[in-house]
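Got chain A; can you put chain B on it based on the hints?
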Amino acid sequence: GAVVSQHPSRVICKSGTSVKIECRSLDFQATTMFWYRQFPKQSLMLMATSNEGSKATYEQGVEKDKFLINHASLTLSTLTVTSAHPEDSSFYICSVHRSPGEKLFFGSGTQLSVL
Amino acid sequence: SQQGEEDPQALSIQEGENATMNCSYKTSINNLQWYRQNSGRGLVHLILIRSNEREKHSGRLRVTLDTSKKSSSLLITASRAADTASYFCATHYNQGGKLIFGQGTELSVKP
Numbered sequence: 176g177a178v179v180s181q182h183p184s185r186v187i188c189k190s191g192t193s194v195k196i197e198c199r200s201l202d203f204q205a206t207t208m209f210w211y212r213q214f215p216k217q218s219l220m221l222m223a224t225s226n227e228g229s230k231a232t233y234e235q236g237v238e239k240d241k242f243l244i245n246h247a248s249l250t251l252s253t254l255t256v257t258s259a260h261p262e263d264s265s266f267y268i269c270s271v272h273r274s275p276g277e278k279l280f281f282g283s284g285t286q287l288s289v290l
Numbered sequence: 015s016q017q018g019e020e021d022p023q024a025l026s027i028q029e030g031e032n033a034t035m036n037c038s039y040k041t042s043i044n045n046l047q048w049y050r051q052n053s054g055r056g057l058v059h060l061i062l063i064r065s066n067e068r069e070k071h072s073g074r075l076r077v078t079l080d081t082s083k084k085s086s087s088l089l090i091t092a093s094r095a096a097d098t099a100s101y102f103c104a105t106h107y108n109q110g111g112k113l114i115f116g117q118g119t120e121l122s123v124k125p
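Protein chains in written order, with this note's numbering: chain A, 176 to 290; chain B, 15 to 125.
Bound conformation, chain A alone (with noise of 0.2 angstroms):
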């Protein structure tokens, strides 16, 4: 069964709208979970990674003002785009790993359609 549960799927939305994804572990509890986006036939970039009880860590280039990340609880990661533009129409992916440089598991991804 899934390791990984990410919702919503497919979200479309208006331009100016926020919307939140969510990420959730079910098999153990993760203190770290990883955001990516894809953009269509390109490979993954990370975003953020995720850490419960303090702060996100941002990549370079990565706005933490307009990708919030709340990491509340051990199995529990969201991601809101706030203010949406098309340009921030892609595939977002998080993912969790049992111990530091193990393997990843994904969630299922969210494609986001901004109007």
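Hint data in this document are derived by calculation from the structure and do not stem from the laboratory. Ideal Cβ placement from N, Cα and C applies to all residues, glycine included.
Just a sample of chain B residues kept apart from chain A, beta carbon distances all over 10 angstroms, derived:
id: 1; residue: Thr-34
id: 2; residue: Leu-75
id: 3; residue: Lys-124
Cut-off 30 angstroms, straight-line C-alpha distance, at most; resulting in silico cross-link-like pairs (BS3-like, lysine-lysine):
id: 4; chain 1: B; residue 1: Lys-84; chain 2: A; residue 2: Lys-216
id: 5; chain 1: B; residue 1: Lys-83; chain 2: A; residue 2: Lys-278
id: 6; chain 1: B; residue 1: Lys-124; chain 2: A; residue 2: Lys-216
id: 7; chain 1: B; residue 1: Lys-40; chain 2: A; residue 2: Lys-239
id: 8; chain 1: A; residue 1: Lys-241; chain 2: A; residue 2: Lys-195
id: 9; chain 1: A; residue 1: Lys-195; chain 2: A; residue 2: Lys-239
id: 10; chain 1: A; residue 1: Lys-189; chain 2: A; residue 2: Lys-241
Pair by pair, the computed Cβ-Cβ distance ranges are:
id: 11; chain 1: A; residue 1: Gln-235; chain 2: B; residue 2: Ser-72; range: 29 to 37 angstroms
id: 12; chain 1: B; residue 1: Asp-21; chain 2: A; residue 2: Lys-230; range: 34 to 42 angstroms
id: 13; chain 1: A; residue 1: Ser-258; chain 2: B; residue 2: Asn-32; range: 42 to 50 angstroms
id: 14; chain 1: B; residue 1: Thr-78; chain 2: A; residue 2: Glu-277; range: 19 to 27 angstroms
id: 15; chain 1: A; residue 1: Gln-217; chain 2: B; residue 2: Lys-40; range: 12 to 20 angstroms
Showing chain B alone in chain A's frame:
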């Protein structure tokens, strides 16, 4: 920034043939991992090879690692149509567990 470069970007073969994908990286690593992604889906872990290993097998998959050349290859033997997917290498180096993904190889296996 991207750590890995993969080639080829796209590969089309017939069922039963072998498929080889290559990955090169820039800095020293702790391990290198290969993942598979079906279109529009999340990624699935295939195999992990550590920096002190040279070769690893898992079913029809064979992975090699050459740390002197900073490169790895993934071989899928006796390919099947169901192997059609994108394949990514990902490197782990000392930064708290995050993985950096290569550009990927899009594999198409024709029945």
